[in-house]
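Participant: If you're matching them up, the sequences are chains C and R in order.
Read in order, the letters of the first sequence are residues 1257 to 1365 in the numbering used here.
Read in order, the letters of the second sequence are residues 61 to 175 in the numbering used here.
None of these hints come from the bench; they were simulated from the model.
The structure presented is a predicted model; accordingly, all values stated were derived computationally and were not measured.
All residues carry an ideal CB built from backbone N, CA and C; glycine is no exception.
Treat the hints with care, as some may be off.
[Claimed, not checked] In silico contact screen, one side only, chain C against chain R (beta carbon under 7 Å); selected entries:
hint: 1; residue: 1269
hint: 2; residue: 1272
hint: 3; residue: 1296
hint: 4; residue: 1297
hint: 5; residue: 1299
hint: 6; residue: 1301
hint: 7; residue: 1304
hint: 8; residue: 1355
hint: 9; residue: 1357
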Amino acid sequence: EDKVVQSPLSLVVHEGDTVTLNCSYEVTNFRSLLWYKQEKKAPTFLFMLTSSGIEKKSGRLSSILDKKELFSILNITATQTGDSAVYLCAVGHDYKLSFGAGTTVTVRA
Amino acid sequence: ETGVTQTPRHLVMGMTNKKSLKCEQHLGHNAMYWYKQSAKKPLELMFVYNFKEQTENNSVPSRFSPECPNSSHLFLHLHTLQPEDSALYLCASSQPGLAGANEQFFGPGTRLTVL
């Protein structure tokens, strides 16, 4: 059975902290891993990863994929209250895109 | 704004009603998707259309019926729904290809409540 597991389910940090979100997967015919940020609206795209070991960065966010160990991490440095959201991991495989349950990040001022 | 719009944004319907959700994308994409997001559950892919052809039906009950008249529009026709169908229904679009091969852009969703 295909699985996409995100951890932790939720966390609370203070502004300026660094957070690390995890996504592990077990799927057939892996194609890509995507990260999305969802506030009280549509998920917005952050990264798509297809190759192991190559870090993708966008401002204070970065992500890397390990296809041998079947996981990815999303890092957010110097967190701000605007980073509060649900972060979704999705894996493209076979003819599907399977999502994890998400990690809820709350950043307190 | 992501270039994907959905109407209505909120819908309340009885189990015997028939209603339709509409999605429109202005991004020139040729693939469109319907997802269901229930509380505390992962996003579930329902249907995929590539170049107006349905390429994925993820074991969705027949009370949900998709329609894709052209590459810019996608509908989800609803009839005889159950209360457990209450959820946020999200539409997305992307360049065509296998799911996950290209970034998907999501609409704001329709919050559906079935009484």
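Participant: Does each hint hold? Answer for all of them.
Facilitator: Going down the list of hints, with the structure as the test:
1. Nearest Cβ of chain R to the Cβ of residue 1269(C): about 21 Å, over the 7 Å cut. The hint is violated.
2. Taken as an interface hint, residue 1272(C) does not check out: its beta carbon lies about 29 Å from the nearest beta carbon of chain R, beyond 7 Å.
3. With its C-beta approaching chain R no nearer than about 9 Å, residue 1296(C) sits outside the 7 Å limit, and its interface hint is violated.
4. With a cut of 7 Å, the hint placing residue 1297(C) at the interface with chain R holds, because the nearest CB-to-CB distance is about 5 Å.
5. Proximity of residue 1299(C) to chain R holds as hinted, the smallest CB-CB distance being about 5 Å (cut-off 7 Å).
6. The criterion of a C-beta within 7 Å of any C-beta in chain R is met by residue 1301(C), whose closest approach is roughly 5 Å, and the hint holds.
7. The beta carbon of residue 1304(C) is positioned within 7 Å of a beta carbon in chain R (closest approach about 6 Å), and the interface hint is therefore held.
8. For the restraint placing residue 1355(C) at the interface with chain R, the shortest Cβ-Cβ distance is roughly 4 Å, inside the 7 Å limit, so the hint holds.
9. Checking residue 1357(C) against chain R by beta carbon gives a least distance of about 5 Å; that is within 7 Å, so the hint holds.
In summary, the numbered hints that this structure violates are 1, 2, 3.
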